[in-house]
Amino acid sequence: MARRFRARWTSCRRTSCRASRPLRRTWTRSRPWIRASGPRTPPRPPSASTSGCCGSAPLRFDHARAACVRPRPPRQAPDRIRRAAACRKGKDMKIGLLGVLVNQVDRLRKFWDFPYEIVDLSTPAPAGGKHRVDVLLSVVFKPEHAALVDFRLLQATGVGVDGIDFSALPPAAWVCNMYHHEGPIAEYCILAMLAREVGWTALTTTPFRDDWSELFFTRARHGEIAGKTLGIVGFGHIGKALARRATAMGMKVVATASRAKPASDGAEWIKGPEDLGELLATSDYVVVCCELTERTRGMIAAAELARMKRDAVIINVARGPIIDEQALYGALAEKRIGGAVLDVWYANPSARGDGVLPSTLRFDLLDNVVATPYVSAWTEQLGDRRYSDVARNIRNLIEGRPLMNVVRAPQDS
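Per my numbering, residue 1 is the first one in the sequence shown, and the count goes up by one each step.
I should point out that these hints are in silico values taken from the structure, not numbers from a laboratory. Don't take every hint at face value.
As the list claims (entries may be wrong) - With beta-carbon atoms standing in for the labels, derived distance ranges:
hint	residue 1	residue 2	range
1	Lys91	Lys130	14 to 20 Å
2	Arg244	Arg109	33 to 39 Å
3	Val406	Val375	27 to 33 Å
Here the structure is a predicted model, which is why all the values come from computation and not from measurement. Backbone N, C-alpha and C fix where the C-beta goes; we use that ideal spot for every residue, glycine too.
Please model the complete structure; the sequences and the hints are all you need to start from.
Here is the structure:
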């Protein structure tokens with residue numbers, strides 16, 4: 001026992017700061033038995049007010065390491081954020097809303113517990129030539145908007161930033177996005193697969209009172225998703241949430257991502273984009289949930305669709321242009337694949353009544369297509385979760401804390 005305490009005390013003497021040595025010398029000089037046989041009790045920790053040569057932070061005694069250590073300083077936000085926060089403390093945050101978010105202002109402000117001023121960007125700019133706000137809430141930013149408003153943070157209320165022209169942004173602006181959409185979209189995909197296998201609509205619309213005995217003895221069998229192979233193109237937030245749910249329901253899950261990764265979240269393998277053909281050839285259901293970039297635009301074209309099984313179904317919940325429009329229509333019209341569930345399209349309206357069509361082709365006339373108007377994540381709960389995070393990120397900006405979900409940091413040095 002004495003040997004163990006002597007070793008710990010020696011370690012403490014070697015690793016602690018010079019400033020605490022007088023305290024130990026006084027402590028040992030009044031206890032002569034320590035030099036002869038080692039301490040009979042654990043060493044007393046130095047005073048919390050003791051500071052040494054390594055800085056001004058107080059020392060503390062770490063019993064696990066038997067040494068005096070200096071606490072690690074708390075994580076600091078980048079200088080840009082702290083300088084911006086110092087300018088805004090005690091002032092109202094100027095928040096500008098652009099596009100469809102103007103209609104969500106009442107819902108947004110429920111989560112704002114800080115002083116704020118809403119700037120109407122549809123009104124003429126002041127004499128300076130631009131509206132100047134602290135935060136711009138929008139999912140789009142085009143070159144024409146650059147002449148309208150200047151800001152420090154562009155907070156997107158969704159995950160997709162393909163509607164933002166990054167070259168038109170102010171160099172000193174931050175860009176952040178939001179998530180929380182993965183759960184509803186994963187549920188939508190599970191529903192789409194179950195609806196096809198079980199045929200729920202056909203089952204519930206069968207006339208029940210016509211002839212019960214005839215219906216009972218002639219009822220058709222339906223399928224199940226357990227044992228089917230699900231291929232996920234894009235293994236981010238949506239892909240992982242979907243893989244966990246599909247695995248729980250007995251499906252085999254394979255995936256591709258921007259690069260190969262170790263298997264996780266229930267997926268048997270996660271390979272790179274070069275193995276997309278293998279995924280398409282082995283899957284009964286293919287869910288497209290990757291982001292739209294120049295690399296992924298048109299990634300699934302005629303050659304890729306030709307590798308799918310003839311009864312396979314493709315589900316697109318990402319962006320329409322990831323699948324070649326003409327190639328997809330041809331494969332569906334000629335029944336070269338089993339079907340498609342399309343929640344995203346090739347054109348979106350900017351206002352009510354603008355006459356924009358989702359596609360130049362009549363997917364709605366095909367009997368093997370299920371079409372929905374961009375609703376896979378459109379739940380009541382999604383808005384509250386995202387708007388709560390928007391408020392949290394604005395508070396981070398006010399208080400100089402690191403921002404969440406940074407897509408682009410300021411470009412100035």
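Quick rundown of the hints versus the structure:
no., hint, verdict
1, Lys91 <-> Lys130: 14 to 20 Å, "holds (19 Å)"
2, Arg244 <-> Arg109: 33 to 39 Å, "holds (35 Å)"
3, Val406 <-> Val375: 27 to 33 Å, "holds (29 Å)"
Checked against the numbered hints listed earlier, the structure breaks none of them; every hint is satisfied.
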